[in-house]
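S.K.: Spelled out, the chains give:
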Amino acid sequence: MSTARHNLISAPGVPTHDVEAVNDAKRRELYKKREPIYPKLVHGKFRFAKWVFMALALGAYYFIPFLRWDRGLSAPDQAVLVDFEGRRFYFFFIEIWPQEIYYISGLLIMAALLLFLVSALFGRVWCGYACPQTVWTDLFIAIERLFEGDRNKRIKLDRAKWSFNKAWRKIGKHSVWLVIAAATGGAWILYFHDAFDTLSHFFTGGSPISAYLFFGILTFTTYMLAGTMREQVCIYMCPWPRIQAAMTDRDALNVAYRVDRGEPRGAHKKGESWDARGDCIDCKACVVACPMGIDIREGSQLECIQCALCIDACDDIMKKVDRPTGLISYDTDINIDRRREGLKPIYRFLRPRVLVYAISLAIAGSIMVFGLTTRASLDVNATRDRNPNFVQLSDGSVRNGYTLKIINRTHEDREYTIRIDGPEGLEWRILGQEETRGLIVDVPAERTQDFRIFLTVPREAITVTNQSVLFTVSPEGSEETRTAETVFLSGGSQ
Amino acid sequence: MSEKHIDQETGTETTGHEWDGIRELDNPLPRWWLWIFYACIAWSVVYWVLMPAWPAPPGMQGFTEGVIGNSERVNVAEDMNALQSSRSDHFAQLQAAGSYDAIEADPALFRFALAAGQSNFANFCATCHGAGAQGFTGYPNLNDDVWLWGGSFDDIRTTLQYGIRSDHAETRYSQMPAFGADGLLSREEIRNVRDYVLSLSGGTGFDAAALNAGAEIFASQCVSCHGDQGQGDRTQGAPNLTDAIWLYGGSPEQVENTIWRGPFGVMPAWEGRLNDPTITALATYVYSLGGGEAETAPEGAAGE
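Residue numbers (my numbering), protein chains in the order written: chain C, 1 to 494; chain E, 1001 to 1304.
Derived from the structure by calculation, the hints contain no laboratory data.
Check before you lean on any hint, since a few could be wrong.
[What the hints assert, rightly or not] Pairs of lysine-lysine, BS3-like flavour, derived with a Cα cap of 27 Å:
no.	chain 1	residue 1	chain 2	residue 2
1	C	33	E	1004
2	E	1004	C	32
3	C	26	E	1004
4	C	405	C	269
5	C	319	C	269
[To be verified] Label pairs and their in silico Cβ distance ranges:
no.	chain 1	residue 1	chain 2	residue 2	range
6	C	201	E	1061	32 to 42 Å
7	C	142	E	1080	50 to 60 Å
8	E	1059	C	302	55 to 65 Å
9	E	1138	C	213	49 to 59 Å
10	E	1013	C	191	45 to 55 Å
11	E	1080	C	405	24 to 34 Å
12	E	1012	C	372	36 to 46 Å
13	C	64	E	1042	31 to 41 Å
14	E	1111	C	55	48 to 58 Å
15	E	1072	C	194	33 to 43 Å
Just so you know, even glycine gets a beta-carbon here, dropped at the ideal spot from N, CA and C.
The shape of chain C in the complex, shown without the other chains:
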């Protein structure tokens, strides 16, 4: 049968591949060793889009650490920096302190919602285009192709006995892989300390041990995951394909084979009639193009990352045999059924699920933007002593102790004036502060400073056990004020 098929040529340049999808669920055996996949290079709009996205993603990853952003002298000038040492996260104009870690949570929530939304609309586009595993694997396959040639040459080379030719190609490939992996690990550490500084110290052994450790880990994982494990990461290690099922529905666009148009499939000889048969000529161009080693014609599968390379492969063939393109294309489950029944396809992008995701995303985004744009350069917090709750003094007056925390988020040393509103006859004292300075205190740039404040209320003013106290803090030469509310406890009328 297969020998017969080899002789059937539908059009010039349309080879028929005698292959089976290696990850076909029906054939797959769990005890079997990984069967290598040799994806064949395709050309087309999705392949082009993937090249462009790869260039953008990798470019951003390697380039962003070198972007600068002026924050004055007291803060680093790296645009994107996770500064564990200084306990700050910098992202262009955004600066996040440890106690504002909820912004990171917000960012993660937004990322999750965006992923849900995109999945509901377009299926696994994250997997197919943007996931680092996909991007780096794609790059590694391109390098492999550079050294060992396209699919057929690679298969031949792997089957061949060891020779000088095979050796240099293999060594070359792995060397370049390692260089890329090292660059990946190397760029990673640039996000955690000044990039230029890290670069100048890294090669002389002057960086901290953690830098080398993470460089090593990232280099190793990049090499392993993108070079040798590839599709296994997606099929066996990644949880997303399992979660995906809950995020998508019958209206979501997925890469799909149009059964209604393709079947019954079969080999086609040039000049033969297309009547009473499907457009699929069973050339298996889609199978050999697939980096996951599956046959898309089996329907949607967990293994499919929806990279759309089979669309390009099939369209190329369809053009050559002079049939309409789109035998494999982005389609929805509903439309696959409708076409089978001869109904017109319908597209419903506005679905409850999509709206919920979009609205949630908009809400989360608005809260983040609101929080970040109204983020104060000053924060004030008052904590009253609990032990003892209050101190009775010899003349019958009562004293409470407070810790007033003033957070100066600006990049300059500042003076702050404290105003205290409380019970009548209130007297104050700041521990360790010269009396001549009164209620004016200093807080250095980017620092949180604690002040111990004692408030004393005379016996006559103590009427109830619990009286309110308000600390109002404002920076010198600024309209900005922040208040902290607390209470004055006295144990009751004296």
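Following the hints, put chain E in place on chain C, whose structure we already have.
M.R.: Okay, now just chain E, sitting in the frame of chain C:
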């Protein structure tokens, strides 16, 4: 197992065991997982060689020491030493600093003194004075402005150093007689004195005759220590009886009982148990709690 157990649904071999009708598919472990497992085994062998790991026969300290000679005990000791030496500068400064003002003038030293003081207070003082230094009946509150033996920095430091009624030769010492228990005054007389004492701090509603009798006894028995106005005397640790603070409680029963038994509050001397800079740090901490007095303390003004 001789025969294979095959699950009908999946065609997969099972482990052959059955639990309440549930059988486990004998699926293989993922290869990548296995490799990590093997790597862990290999790593554990390396670990045994490098690190202390196995019980060993006597003569080897009871365990294999590992070739890189790692010892958590030594590490902890080194960390402690490093910590001590990182603090030594501050401790030296505290040793040299003569006054509270000198310590307060250096913010870093002040913060250090407060932190060291607070930590030592929790270790050594909180047992009696409470975690917040709020005191209990019979144990002075160190937050207030009442000091039996003086509230200046030097006074506080001296009290810490030598203790009160302690076994140190330099200790602060005084003793109030147990007027009732030792039979010096009758119950009736003690009640009269009690009423008089309570009237000194504004108590009212006492019988005039009792007050007069009490005043007479007070003049003969108490003024030598507590002063003719009951204002107290810090040189003897005699409390001011005119203020609102009562060390042994201010109810009539408590005051009467105090006169009856004659309190003898003891605080240990810390000299020799804590080093000088630590005592200075403790004095700084207690002084800063809110009641510390300037060096030239006003006369009198102590309390019970």
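S.K.: Would you check the hint for residue 319 of chain C and residue 269 of chain C, treating anything up to 27 Å between C-alpha atoms as holding?
M.R.: Holds, at roughly 15 Å.
S.K.: Assuming the hint says 32 to 42 Å, is it satisfied by the Cβ distance from residue 201 of chain C to residue 1061 of chain E or not?
M.R.: 41 Å, holds
S.K.: The hint says 45 to 55 Å between residue 1013 of chain E and residue 191 of chain C; measuring C-beta to C-beta, is that right?
M.R.: 48 Å, holds
S.K.: Would you mind confirming whether the straight-line C-alpha gap from residue 1004 of chain E to residue 32 of chain C stays at or under 27 Å?
M.R.: Holds, because 19 Å separates the two Cα atoms, which is no more than 27 Å.
S.K.: Please verify whether residue 33 of chain C and residue 1004 of chain E have alpha carbons no more than 27 Å apart.
M.R.: Cα-Cα ~22 Å, so holds.
S.K.: Hint says 55 to 65 Å; check whether the CB-CB distance for residue 1059 of chain E and residue 302 of chain C agrees.
M.R.: 60 Å, holds
S.K.: Do the beta carbons of residue 1080 of chain E and residue 405 of chain C sit within 24 to 34 Å of each other?
M.R.: Holds, since residue 1080 of chain E and residue 405 of chain C (Cβ atoms, about 31 Å apart) stay within the stated range.
S.K.: In this structure, is the beta-carbon distance linking residue 1012 of chain E and residue 372 of chain C contained in 36 to 46 Å?
M.R.: Violated: the Cβ-Cβ distance is about 53 Å, outside 36 to 46 Å.
S.K.: Residue 26 of chain C and residue 1004 of chain E: Cα distance at most 27 Å?
M.R.: Holds, at about 22 Å.
S.K.: When you take the CB atoms of residue 1072 of chain E and residue 194 of chain C, is the distance between them in 33 to 43 Å?
M.R.: Because 35 Å falls inside the window, the suggested range holds.
S.K.: With respect to the beta-carbon atoms only, verify the hint that residue 142 of chain C and residue 1080 of chain E lie 50 to 60 Å apart.
M.R.: Holds - the Cβ-Cβ distance for residue 142 of chain C and residue 1080 of chain E, about 56 Å, lies within 50 to 60 Å.
S.K.: I want to verify a distance hint. Is the separation of the beta carbons of residue 64 of chain C and residue 1042 of chain E within 31 to 41 Å?
M.R.: 38 Å, holds
Going down the numbered hints, you'll see the structure goes against 4 and 12, while the others check out.
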